[in-house]
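4 protein chains.
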Amino acid sequence: MLKAGIVGGTGYTGVELLRLLAQHPHVELKAITSRKEAGTPVTAVFPSLRGRVELAFSEPRPEALRGCDVVFFATPNGVAMGEARALLDAGARVIDLSADFRIKDVGEWERWYRTKHAAPELIGDAVYGLPELNRERIRGARLVANPGCYPTATQLGFLPLVEAGAIDLDHLIADAKSGVSGAGRKTEQHLMFSEASDNFMAYNVPGHRHWPEIRQGLAQAARREVGLVFTAHLTPAIRGIHATLYGRITKELDFQALFEKRYAAEPFVDVMPAASHPDTRSVRAANVCRIAVHRPPEATNRSDTLVVLSVIDNLVKGASGQAVQNMNLMLGLPETAGLSQLPIVP
Amino acid sequence: MLKAGIVGGTGYTGVELLRLLAQHPHVELKAITSRKEAGTPVTAVFPSLRGRVELAFSEPRPEALRGCDVVFFATPNGVAMGEARALLDAGARVIDLSADFRIKDVGEWERWYRTKHAAPELIGDAVYGLPELNRERIRGARLVANPGCYPTATQLGFLPLVEAGAIDLDHLIADAKSGVSGAGRKTEQHLMFSEASDNFMAYNVPGHRHWPEIRQGLAQAARREVGLVFTAHLTPAIRGIHATLYGRITKELDFQALFEKRYAAEPFVDVMPAASHPDTRSVRAANVCRIAVHRPPEATNRSDTLVVLSVIDNLVKGASGQAVQNMNLMLGLPETAGLSQLPIVP
Amino acid sequence: MLKAGIVGGTGYTGVELLRLLAQHPHVELKAITSRKEAGTPVTAVFPSLRGRVELAFSEPRPEALRGCDVVFFATPNGVAMGEARALLDAGARVIDLSADFRIKDVGEWERWYRTKHAAPELIGDAVYGLPELNRERIRGARLVANPGCYPTATQLGFLPLVEAGAIDLDHLIADAKSGVSGAGRKTEQHLMFSEASDNFMAYNVPGHRHWPEIRQGLAQAARREVGLVFTAHLTPAIRGIHATLYGRITKELDFQALFEKRYAAEPFVDVMPAASHPDTRSVRAANVCRIAVHRPPEATNRSDTLVVLSVIDNLVKGASGQAVQNMNLMLGLPETAGLSQLPIVP
Amino acid sequence: MLKAGIVGGTGYTGVELLRLLAQHPHVELKAITSRKEAGTPVTAVFPSLRGRVELAFSEPRPEALRGCDVVFFATPNGVAMGEARALLDAGARVIDLSADFRIKDVGEWERWYRTKHAAPELIGDAVYGLPELNRERIRGARLVANPGCYPTATQLGFLPLVEAGAIDLDHLIADAKSGVSGAGRKTEQHLMFSEASDNFMAYNVPGHRHWPEIRQGLAQAARREVGLVFTAHLTPAIRGIHATLYGRITKELDFQALFEKRYAAEPFVDVMPAASHPDTRSVRAANVCRIAVHRPPEATNRSDTLVVLSVIDNLVKGASGQAVQNMNLMLGLPETAGLSQLPIVP
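Residue numbers (the working numbering), protein chains in the order written: chain Y, 3 to 348; chain W, 3 to 348; chain L, 3 to 348; chain P, 3 to 348.
I should point out that these hints are in silico values taken from the structure, not numbers from a laboratory. Misleading hints may appear alongside valid ones.
A pair holds if it fits inside one copy or across any two, identical chains being indistinguishable in the list.
[Unchecked claim] As a list, the in silico SDA-like pairs of lysine to any residue whose alpha-carbon atoms are at most 25 Å apart:
1) K253 - D170
2) K5 - P43
3) K118 - A185
4) K263 - A46
5) K38 - S278
6) K5 - Y265
7) K106 - P298
8) K38 - K188
9) K38 - P275
10) K188 - E112
Bound conformation, chain Y alone (with noise of 0.2 Å):
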């Protein structure tokens, strides 16, 4: 059995990771650390590990995560980037879940992230971890950069267009809706059970995150440039990213065919048939990401537009699970391995 170690697993892609890990067939989860919590038991924290994860979180320290094969960072932002460093010189691979290594150009992560980088230099060799996009060099890395749960459903409903420069690049607009735990565990008033339940809501309109994230990724497929409008909304469900892009189509394809050939040979890309409407329970708990091609209204023959629709889990698809996703293909494992729990419906 490999050896993983988790460095911050209170919050939610913590313990998904706890949830994955425990379950994988050539993986042991050595420690996991918090600041807060060092001492108490996993199970005191979250009982639906009961019997099934015998560690403590222990203190934060380099000692804790000595012999680990890969260590996940399920950290807030700016954690990472200060303590990467020694865990790859002691041999580890890592994996950051949070965004320290996501963008490429420093400066605009500085705007983005308003810090300092604390490791400008590691950012070169941390490959962004999609692997749909970038396989074979998330096999060879030793940092990978776990993509945002955005920019994961984006990214993958924009991807076969923009690789075959069938929409106008200049004016993507993903309309994106999120449950709530993908703002993480914190307790913010927004939030709570009594304001974000039977509600609905747009945020961070004038600019988000995920934005550069996108960009930058959808850049690298198109090797230009391209305009992005990204809407993120709170839709009152606990997991799940409904991500609905538009595009202005400059070259006439079939667009299903285009899809089904793209993702054929990827194990965690579903292209649903013609006229799907794909929901985000269909993959509820479950590492899928499964897409729809439209061009309504389907009654006229005017319309120039594309609509995509694409639907992760936050938390797997867009988070721990293409994490464990990554180590699998770090590692040289199978690239399912223990992610093969099927959606859970109703």
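Assemble the complex: chain Y is given as a structure, and chains W, L and P must be docked to it using the hints.
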């Protein structure tokens, strides 16, 4: 007291009309019909009205509504067009909350609603009941076609821009999200709690009946045809519509000022301060549309796309509240009479 | 117009008081204080009140409330007991929505609330504000201790039986379920959407502060001590309390008739027909308690246990609505003034 | 691989069986029947299973299930009793998730289910499939009556106390709350999202079909009849049952130790530490029952009433998971095979 009747009062727009009319200072509810529930006290179906509504449902016969100054149709599509003529001839004003008289082009109506229209001769007389667009004509109308919920939120959000000719009218995009009550009180599988809760999905992307209605209203305002992509989504909330609207700027203006000026005198449209994100609960159970205008991302100067956020309660400003507003206009009552209830938060 | 002030208006009972008082025909809101939000317009915190409440929050200084006929404390426990004296001396009536004056036995209060009481000399003057139990004393009161939400639902459900001596007073059981807003607007982990949604749990089973309050009220009605097991649960709804009450029959009576007679003259208690199941939404946003009495299972004759179902909106009849009802009584206004809004269904 | 068949697989227990069996290491799903959906691929009804279940629904004819080692009935009540005989004669084990074989007293069954029983001669052979009560008999059974969801949570919570003779058996009280999926996938009005969401209610208080089932199981454990008041409630969650159980103490014991000892060897019953409050999400999508024992209020010494909290996922330990557990026992497989998925939190 003026006398009101309701045809088909067992659905959500029916019970919402009952709630509003039972609290109206100038109107008395005289009769409410329902074939299925004839003879049953209203409070047996809606215990929330116990002690306040003494009526029983009556058979949907003409004499039940005799003497009414105004009759509301809270029926499925296809009923009002068969019964409106007799009521109009008897001297009643008619407000149809269904779609029967919304579309001026009978051929287009018949294509989308897949029925032969039973009273095409009345369509010309029917006034589309969006007071912010047609106030004066509503005052003089005998037959009002009450707008759909999505069309209300979408048109109010686009109107100032369309009237000002400030955006590309060939490529409007409306990404709209509705609470589940928008689908009515019918028992369909996908509207069950265990299907719709903790879930999010688009629906009817290939073609939604509100698409021609929105286009018609915006075309009236623009005095030309408009191109529109309209995507409807189901969000796990009971009430509320959130329309996120995208338009490509063709004329630079102070858009915040444009909206504020356009709606300055409107009693039921609230233009929020710049940078706001109206949430649907801020209008829950109230006859208000709140709107915010954005030009994201603010950090850059290159965006040429406006984002408008528009929220209503689908059962109030999107249906029964707007119907009461129309009734007030038609009967010469103060426009806000009976519509002053504050939103329910939390 | 009489003048009202609110101390601490940024929580849920505060905004609910604002909603009710803004629509009250005889009372004008003069001031609302908040240390944290002093200077902020009320509508910046609660956009739902835009256009209807013009006040800003003011510093919690005595002069802010000078001239008020009535002052509401919508503060956390421990504030009112320090500030009530000065307001009473200045001639205001005081209604405390917190727990400071609910328990007559100071020692017991201090045990449950783990604080030294700051104004024990006021406790004797304070009237427990359950109008159905203490109406006449409330009329003459200068200081009213507004009941807790669980105690309101539970006492109203048990009162007729306790007064009639019809059940075993040593073994009352109250199994109560509350929507999440009952816990207030504080940002605690277990009240987050992602924790409380799609979940159900009991809490504080070893001891809940509403236990002594319920026992005290029922003891007053019984003129002896009562034994009670009280279990609180959190249900994933914003508003609503459902108390399921169990009592062993000691005297055979027509229990339906007993309840109907007891509450015949009560404007805000609705005894449902036999075999009813009141749901919490039937009182949503309204100042009503609905009650049903059962003796299950009906198929057999052996049961000696009564089951009473009692529902309220925790923020209205369980807090701010009841406070306005008490205000009406104290100020000699019609008891139902400003409390006639109908429940919101769906 | 052993072969399994499912009769009537379009409901929630059906899709949950599909999810569990598709991941089972020793069993292969051979056929799933549905009159209504015959010919339709399973994944057209349940897209969550795309790529993992290749079957189509087949006509419910005997030959469809020929060769199955085990057949599950995931049908409405009244189907299994007509079809079980033929399958048993063909050599299959049968596990009925409906209520047809749960009640030993045919007369009582017919009173509660209002039908003539079609196979009374099989009732005696049927083993009630609660492994914690009847494990050895299940191993040898050919026909298992899988318990209802409320009965599973309630019996597991009461069993140690009843077996120990520690509480008053004439006055048990079970106050149980269920998520909406417990009512099945049928489209009834009160199960619609807009009716059940943000709401809470008791139902069937005059008489619930699970009442005789619970009494029968507890009577078996007690070796005498028991008296029970059982109240069912609908809570706005998809999955989960929370039973709050009350028993009057007749014998003083260390109740925490009693429960821990009783369930020490049980793989799917978790006795929580003293003072715990298990929530339903801690068992979401997993085959576990978590139990806590309380004696409130702890501050006093007078209480003679125990409170037991017992939670399960109604579709797993309350239905399909327990059915797979029974299948494992009947087929001589490890009892936990295919049932090791961890709960989904958040």
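The hints, checked one at a time:
1. K253 - D170: Answer is both; intra-copy 9 Å and inter-copy 21 Å each pass.
2. K5 - P43: The answer is within: 19 Å in one copy meets 25 Å, while 41 Å across copies does not.
3. K118 - A185: Within one copy only: 23 Å inside, 40 Å across.
4. K263 - A46: Close across copies (21 Å), not inside one copy (47 Å); limit 25 Å.
5. K38 - S278: between (45 Å within a copy, 21 Å between copies)
6. K5 - Y265: neither (31 Å within a copy, 33 Å between copies)
7. K106 - P298: Only across copies: K106 and P298 sit 22 Å apart there, 36 Å inside one copy, limit 25 Å.
8. K38 - K188: both (13 Å within a copy, 21 Å between copies)
9. K38 - P275: between (47 Å within a copy, 22 Å between copies)
10. K188 - E112: within (23 Å within a copy, 33 Å between copies)
Of the numbered hints given earlier, the model fails hint 6 alone.
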